[in-house]
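Build the full structure now, drawing on both the sequences and the hints.
Read top to bottom, the protein sequences are chains A and B.
Counting from 1 along the first sequence, just add 11 to a position and that's the residue number in the working numbering.
Counting from 1 along the second sequence, just add 11 to a position and that's the residue number in the working numbering.
I should point out that these hints are in silico values taken from the structure, not numbers from a laboratory.
Heads up, some of the hints might be wrong.
Intra- or inter-copy, both count: the list cannot distinguish identical chains.
[What the hints assert, rightly or not] Using 35 Å as the maximum straight-line C-alpha spacing, the simulated DSBU-like pairs for lysine-lysine come out as follows:
{"id": "1", "residue 1": "LYS267", "residue 2": "LYS128"}
{"id": "2", "residue 1": "LYS128", "residue 2": "LYS265"}
{"id": "3", "residue 1": "LYS224", "residue 2": "LYS128"}
{"id": "4", "residue 1": "LYS69", "residue 2": "LYS128"}
{"id": "5", "residue 1": "LYS224", "residue 2": "LYS265"}
{"id": "6", "residue 1": "LYS224", "residue 2": "LYS69"}
Protein chains: 2
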Amino acid sequence: MKNLKHSSVIPMPADAATLLTRSAARITDYFGRLALRYPGAPARLMQAIEYSLLAGGKRLRPALVLESAKACGASNCSSALAAAAAIELIHTFSLVHDDLPAMDDDDLRRGRPTNHKVYGEAMAILAGDAMTTIAFEILATDAADAVAASLVAELARASGPEGMIGGQVIDIDPQHRPANLADLQHLHRMKTGALLTASCRLGAIAAGASATKLAALDAYGRQLGLAFQIVDDILDQTATAEQLGKATGKDAAKGKVTYPMLIGLDASRREAHQALQAALDALEPLGEQAQSLRALAVFVVERKV
Amino acid sequence: MKNLKHSSVIPMPADAATLLTRSAARITDYFGRLALRYPGAPARLMQAIEYSLLAGGKRLRPALVLESAKACGASNCSSALAAAAAIELIHTFSLVHDDLPAMDDDDLRRGRPTNHKVYGEAMAILAGDAMTTIAFEILATDAADAVAASLVAELARASGPEGMIGGQVIDIDPQHRPANLADLQHLHRMKTGALLTASCRLGAIAAGASATKLAALDAYGRQLGLAFQIVDDILDQTATAEQLGKATGKDAAKGKVTYPMLIGLDASRREAHQALQAALDALEPLGEQAQSLRALAVFVVERKV
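Structure follows, in structure tokens:
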């Protein structure tokens, strides 16, 4: 990691681990009480939803929302907590639907059988559907009036036809197979980048941030999303299934195009570090308040799982 | 139809047909321009979405939204139009997912092959997912600031674990098979009633209606939903596939419990008319302004498809 600006103040990945653990605990606690909101819902539906929501995971998106809000001066912001829960619901719904037999057909996720393996295909579809409506309900009811509609618009746009879902459509279509780096980046900007960028933007919007700060967090989020995906591709090739809690080498086996496949492992690592540098650069307008976001960016690139 | 109050002013079903045609044209026009909002989306995704959105249908829910807003004094209300489009998107997404092989496994819908028959299962899942995010995006961006968050909360609640999706979970679970009329009504209140009631409530909220008017439209919506479902069950048994544009007698074939099955055809028809009367009674506080809603209620019970 050469030439990193702010190098004297960049926290160690250990700090990122601590703050991820802390924000993960808040979100897990939130999800643990989710079924209480729906006493009239079929019990098995709420179980299927909780099965995937409480399966662990890094909770990177909620951490980005909460830390982005904090970087804009809003600690302990209830709108940011609502947005953190909402985006993790959308992310989790996308995993449940992506794992379905008609899509990626995965049996294992985070070291456990996938949702449809436990609850059946129909329930997995409906549990994913419900996670989406719950996400928007939480934003509309729990966020402050002044920002609720903006948060809904932001999350919906990032999830929809030009964001995550659009990216998934491209990803499963053999005709859309990326032929070069530009295609691959376009795919990732939609499939994973849109939601990671939205995490940062949601935090800023929840905090009522200025346009300058929102733009800074937008740029940070886009570079972080790029770095995240390159590292994901690298790990799929180099990590063991035990480390990741899911099958590895599946990208290649399915004919999916990855960064290492297009430019090799070394160049992929260099690209990831360039994106990290750009993410750190983008945070300059936020000064010392963005320290946790710097730690998260370093963590994303250095992570082993 | 005996003892109907307001009988001197109850419009003929022909009036309902006219206003359904008019509101259907507005919604179809709206959906015809939907892809323009998403120039960066994969073309085939937008085609799959349009295939189901532009398949016709009665457009009963949008008509209820628009006429409920009008009954509360808001004609030509852009928030109501957004809500009308949003609820039809949610309704259509539910049809696309319900038709999937893992769910009801239907090949025919509105006289045409179902979405997954044309675009494949993966695309049908994703098209349904995208319709949901689009629905909430439209509410958040197109409705007036003062009502946007309330509209999102209302639609999300009606669609979610205690509403439409919860009802579908019960409907596909053999263990939840309704044993009596109370069970069956509970199922329908969730699966179809929640969204029909929400249609009326959304119109009232969009119009900034008083609590009294909102309560009146809530009661109207619940009775209309009940009537709608009883008639649906009757038609499944008595109408031809050609009339309905979908397979008939499927409820019985699948072991699904219906009103005629539990109480017979004649008693079912009586129940439907009692619900109609209750719906008309509920509209009293709205006076002459609710004339179109009266016509729609009559239409729902008298319809042959």
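Verification of the supplied hints:
no.: 1; hint: LYS267 / LYS128; in the structure: both (24 Å within a copy, 25 Å between copies)
no.: 2; hint: LYS128 / LYS265; in the structure: both (20 Å within a copy, 24 Å between copies)
no.: 3; hint: LYS224 / LYS128; in the structure: neither (43 Å within a copy, 47 Å between copies)
no.: 4; hint: LYS69 / LYS128; in the structure: within (22 Å within a copy, 37 Å between copies)
no.: 5; hint: LYS224 / LYS265; in the structure: neither (40 Å within a copy, 57 Å between copies)
no.: 6; hint: LYS224 / LYS69; in the structure: within (25 Å within a copy, 47 Å between copies)
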